[in-house]
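If you want the building blocks of each chain, they are given just below.
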Amino acid sequence: MTMITIMAILFLGGIAAWLSDRWHQDLPRWVSLLSCLLAGVVLTPMLFVQPEQMLLLDGVSSTWLEYVNYQWIPRFGIAFIFAMDGLGLLMVALTIFLGFVAVISSWDEITFRTGFFQFNLMWTLAGVVGVFISLDLFLFFFFWEIMLIPMYLLIAIWGHENKSYASMKFFLFTQASGMLLLVAILALVLANAEETGIYTFNYFMLLGHALDSDLAYLLMWGFFLAFVVKLPGFPFHPWLPDAHTQAPTAASVLLAGILLKTGAYGLIRFTVPLFPEAAVRIADFAMLLGVLGILYGALLAFAQADFKRLVAYSSVSHMGFVLLGIYAWTELSIQGAVMQMVAHGLSTAALFMIAGALQHRLHTRDMTAMGGLWQAMPRMGAITMFFIIASLGMPGLGNFVGEFLVLLGAFQVNKLMTIAATLGLVAGAVYALIAMQRVFQGEPGDLLNAKRQDLPDFGMKELLAMIPLMLGLLWLGVYPQPVFDLVDPVLASLYELTTNQTNWVGSDP
Amino acid sequence: MTTGLTGTDLLALSPFITLTGVILVLMMAIAFARHLGLTCLIAALGLLVTLANILWVAIFVDPQLVTPLIIVDPYALLFSGLIVIASFFICLLAYNYHQQRGGHQEEFTLLLLLATLGGVTLAHSAHFGSFILGLELLGISLYAMISYPTQGLLSLEAALKYLILSGVSSAFILFGIAFLFATTGTLSFAEMADANINPTAVQGGVQGGVQGSVQGSESLRLYMLIGGSMILAGVGFKLSLVPFHMWTPDVYEGAPAPTTAFLATVSKGGIFAVLLRFFVSVDGYQYQTILDGLFWVALLSIFLGNLLAVMQSNIKRLLAYSSIAHLGYLMVAFLAAAEIGGRQLAIEASLVFLIAYFTTTVGAFGVVCIMSRKLAARDTDQLPDYEGLFWNRPLLAAFFAAMLLSLAGIPLTLGFIGKFYIFAVAVDSELWALLVAVIIGSAIGLFYYLRVIFTMTKRSSVTEGIAIPKAGGWSLVAVTLILIGLGVYPAPVIEWVSAIARTIS
Numbered sequence: 001m002t003m004i005t006i007m008a009i010l011f012l013g014g015i016a017a018w019l020s021d022r023w024h025q026d027l028p029r030w031v032s033l034l035s036c037l038l039a040g041v042v043l044t045p046m047l048f049v050q051p052e053q054m055l056l057l058d059g060v061s062s063t064w065l066e067y068v069n070y071q072w073i074p075r076f077g078i079a080f081i082f083a084m085d086g087l088g089l090l091m092v093a094l095t096i097f098l099g100f101v102a103v104i105s106s107w108d109e110i111t112f113r114t115g116f117f118q119f120n121l122m123w124t125l126a127g128v129v130g131v132f133i134s135l136d137l138f139l140f141f142f143f144w145e146i147m148l149i150p151m152y153l154l155i156a157i158w159g160h161e162n163k164s165y166a167s168m169k170f171f172l173f174t175q176a177s178g179m180l181l182l183v184a185i186l187a188l189v190l191a192n193a194e195e196t197g198i199y200t201f202n203y204f205m206l207l208g209h210a211l212d213s214d215l216a217y218l219l220m221w222g223f224f225l226a227f228v229v230k231l232p233g234f235p236f237h238p239w240l241p242d243a244h245t246q247a248p249t250a251a252s253v254l255l256a257g258i259l260l261k262t263g264a265y266g267l268i269r270f271t272v273p274l275f276p277e278a279a280v281r282i283a284d285f286a287m288l289l290g291v292l293g294i295l296y297g298a299l300l301a302f303a304q305a306d307f308k309r310l311v312a313y314s315s316v317s318h319m320g321f322v323l324l325g326i327y328a329w330t331e332l333s334i335q336g337a338v339m340q341m342v343a344h345g346l347s348t349a350a351l352f353m354i355a356g357a358l359q360h361r362l363h364t365r366d367m368t369a370m371g372g373l374w375q376a377m378p379r380m381g382a383i384t385m386f387f388i389i390a391s392l393g394m395p396g397l398g399n400f401v402g403e404f405l406v407l408l409g410a411f412q413v414n415k416l417m418t419i420a421a422t423l424g425l426v427a428g429a430v431y432a433l434i435a436m437q438r439v440f441q442g443e444p445g446d447l448l449n450a451k452r453q454d455l456p457d458f459g460m461k462e463l464l465a466m467i468p469l470m471l472g473l474l475w476l477g478v479y480p481q482p483v484f485d486l487v488d489p490v491l492a493s494l495y496e497l498t499t500n501q502t503n504w505v506g507s508d509p
Numbered sequence: 001m002t003t004g005l006t007g008t009d010l011l012a013l014s015p016f017i018t019l020t021g022v023i024l025v026l027m028m029a030i031a032f033a034r035h036l037g038l039t040c041l042i043a044a045l046g047l048l049v050t051l052a053n054i055l056w057v058a059i060f061v062d063p064q065l066v067t068p069l070i071i072v073d074p075y076a077l078l079f080s081g082l083i084v085i086a087s088f089f090i091c092l093l094a095y096n097y098h099q100q101r102g103g104h105q106e107e108f109t110l111l112l113l114l115a116t117l118g119g120v121t122l123a124h125s126a127h128f129g130s131f132i133l134g135l136e137l138l139g140i141s142l143y144a145m146i147s148y149p150t151q152g153l154l155s156l157e158a159a160l161k162y163l164i165l166s167g168v169s170s171a172f173i174l175f176g177i178a179f180l181f182a183t184t185g186t187l188s189f190a191e192m193a194d195a196n197i198n199p200t201a202v203q204g205g206v207q208g209g210v211q212g213s214v215q216g217s218e219s220l221r222l223y224m225l226i227g228g229s230m231i232l233a234g235v236g237f238k239l240s241l242v243p244f245h246m247w248t249p250d251v252y253e254g255a256p257a258p259t260t261a262f263l264a265t266v267s268k269g270g271i272f273a274v275l276l277r278f279f280v281s282v283d284g285y286q287y288q289t290i291l292d293g294l295f296w297v298a299l300l301s302i303f304l305g306n307l308l309a310v311m312q313s314n315i316k317r318l319l320a321y322s323s324i325a326h327l328g329y330l331m332v333a334f335l336a337a338a339e340i341g342g343r344q345l346a347i348e349a350s351l352v353f354l355i356a357y358f359t360t361t362v363g364a365f366g367v368v369c370i371m372s373r374k375l376a377a378r379d380t381d382q383l384p385d386y387e388g389l390f391w392n393r394p395l396l397a398a399f400f401a402a403m404l405l406s407l408a409g410i411p412l413t414l415g416f417i418g419k420f421y422i423f424a425v426a427v428d429s430e431l432w433a434l435l436v437a438v439i440i441g442s443a444i445g446l447f448y449y450l451r452v453i454f455t456m457t458k459r460s461s462v463t464e465g466i467a468i469p470k471a472g473g474w475s476l477v478a479v480t481l482i483l484i485g486l487g488v489y490p491a492p493v494i495e496w497v498s499a500i501a502r503t504i505s
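For the record, the sequence lines run as chains A and B.
The letter at position 484 of the first sequence is residue 484 when you use our numbering, and the numbering goes up by one with no holes.
The letter at position 338 of the second sequence is residue 338 when you use our numbering, and the numbering goes up by one with no holes.
FYI, nobody ran anything at the bench for these hints, they're computed from the structure.
Incorrect hints may have been included.
If you want the ones that stay clear, here's a sample from chain A, every Cβ over 12 Å from chain B, calculated [to be verified]:
hint	residue
1	S62
2	W158
3	K163
4	D284
5	T368
6	P395
Covered by chain A, according to a simulated footprint, are these stretches of chain B (three or more residues, beta-carbon under 8 Å) [claimed, not checked]:
hint	region
7	289-299
8	421-429
9	442-448
Glycine is no exception: its CB is placed at the ideal position from the N, C-alpha and C atoms.
With the sequences and hints as input, model every part of the structure.
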């Protein structure tokens, strides 16, 4: 029931926020803040479920914490299946936490139609949570598409100067690739029906069915492309810099923090387990895409003058590690990929909030006009320094754990690519530190001199969002074991499932 | 078949009788007292009674052929129900549309009901006689509805265009029917099917001079092919499929918004009902040439419809091109029925897709109706006219957005279920080229639907002061509830439609 309650809180909270606009401008924010908190409270007990309390499915102990199944469209064997395991739980927790951060980041920035804004925010969260817990492929696709609409509206209505172009590009990229996913899902279901005689979209029933290997290979591409566009992997990333740059802060936080993760999640949960053999066939290619993404993202991040674009390209680079880790498919590298997903979610959300705060105060994102801002806003400077360091992979913070594990795992599989990917860490340090230098250090720019009087430092509200993010990264960096405990059983079972069917390169010790 | 009508025949025909009765009552009412509200009330109530009657027949009367002309079966009743529901909502919207225009607006409702009767006849026809009857009843009412004197020259031009092209297409259809008749000696679909399967059996029935030229089944097939192609060309006009689509944008733009809604739904739905029934019963799918032709028609409709829609800045023209594309999607399901194995699913897909298309189209044009209540030279159909609608009339904009998202096939709406079916049959029947076209077409489609939504979210005061009338407003509420309700929980409709598809495949 936890899952349904959370979905209900988010969907209804969104509607309540919209309606509350009628009474007072400020009310919607409180409504959605409370919805996020409430959803968090409802979720918390799940985090303490012990392994022996996990569900039995078909009489066999499983890694699932919760499972519901209702009939929906019996004609096609479509059911309303929500299920949550450690991986899903981690992703849902991240979603709700970043939702909370996003609401705070929109607090002062959004003054136009706050009710509808919060509605879209909540529905995006609800859609994403739906993606993380749907284990019926039709239902999964349903949410996969639903989360796009409110996100599109967030960018199209509250975005910056070039919002029309950016929101359209975002929608077209993700939707067009989504249609490939739909075709692949349908073909999978029909191929399965031809063999077994029943239509079903049930993940558990489709899993582990040996398809004709050429067909599986084709279908795998449908899944792969949809998820890699969302990730985004090189060369499917062009939507990302525009969407991130033009989006309002809260939308950027959600986009970078959780929407990108749905792509990675899809690869781990669906693409590889459903088509393990086909995944082996493209593993090298996918890893190459990952490495190219790491290097290309870093290179372009270095060349940006727009602070938000820089963070956006750094996302391309960081998500390259995730792709590399997933397709190396060793236990270490998948663990690393999951850790990187969480850590990147936290650090990038914070960087986008900082970018939003800068734009709110300076009305520009152009780094060449900034400089010396530390003098005026020391708290903001220090916090930015923290996240910049986290982002470049300093040991002791979450991102390091993720990237290091990915590299460690991938090294067993392909040394050359791993070495190339490591260069990304160096490049990361370069662009991150240069950004820090341009914005907060150096000679005070004209902008600072002109506006010195009205540059408020981070206040209570911002700190309320920033401090949990910092603590989170620190915790992930120093003591990541709880996260591994949560996801390890899931990853191990997926790993076992896939390597039983194939000879993954990575299965060699 | 006995010549006289029996009691059960009359019961089976009762929806026709009810609808005709309503038309007569309406005619008398207008003759005695000109009152727009009263006229529309009678018509709307009459349509509801007809709908109840259709439901009653569907539940209590066994499927049967009433005279060789009319067939009463679940398939026909489904289409009749759809047509009557669409007419009901259009009637209410037309009431609001005409309210502030003055002049003699009552006859519009009368024409609407006559055209509805034509549509219902089409849905029930099992014979070329009733087909032509329905087609002309529908078409002739439409000429008057398109040119109805609510606005300026634009609608006259549209009506003239429709008159000429529709006349030409009717001529094509008649000529095609003549070929089929000459070959098979019958106008009934069922008898034609027998003749088609067993060509030698009809030699006796073949008439006069043609008999000499018919030499064996090869030349018989040729006549059937020519006749079938001519009928398809004529039907292609009415369904506005490429390359017979030229009239669509101009007529959509020129006609009053309620007429456009009617033209886009009832007219196309009724004709598609006959086309599908005819094709399935005579197994037109055995002619590879026709299938090849339809393949290109579908492909071009999808591409041209979507590409040209991108360039429009007029909502009605945009919806016109988008409807060309949607009929193209529908033809994919139509073609998927070619193989016996996939036929049932394909028919089911066309029916579900049409239900979605009806709902969405009535809703979308309904918004245009409500936006265009002022007497003006043209409807409020320019894209900039909709700026800021989201903020000034949030509910109206939300309805419109829901319709557009449904056209784009986004989940939570019925349009998604329709699109899902099209994908499913295309994969099932392995129509890969068409599937790729549908994917590309949908991606292009997103672009222009989103542009309209984006326009509505602009911060502007253009749309201030638009009032939402009661009748039209509640119609839109109902249509939107159907759209979203069935989009979220389509199981009942799917079960029902798949049972119907089983009966005719």
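Quick rundown of the hints versus the structure:
no., hint, verdict
1, S62, "holds (28 Å)"
2, W158, "violated (10 Å)"
3, K163, "violated (9 Å)"
4, D284, "holds (28 Å)"
5, T368, "holds (31 Å)"
6, P395, "holds (44 Å)"
7, 289-299, "violated (count 0)"
8, 421-429, "holds (count 4)"
9, 442-448, "holds (count 4)"
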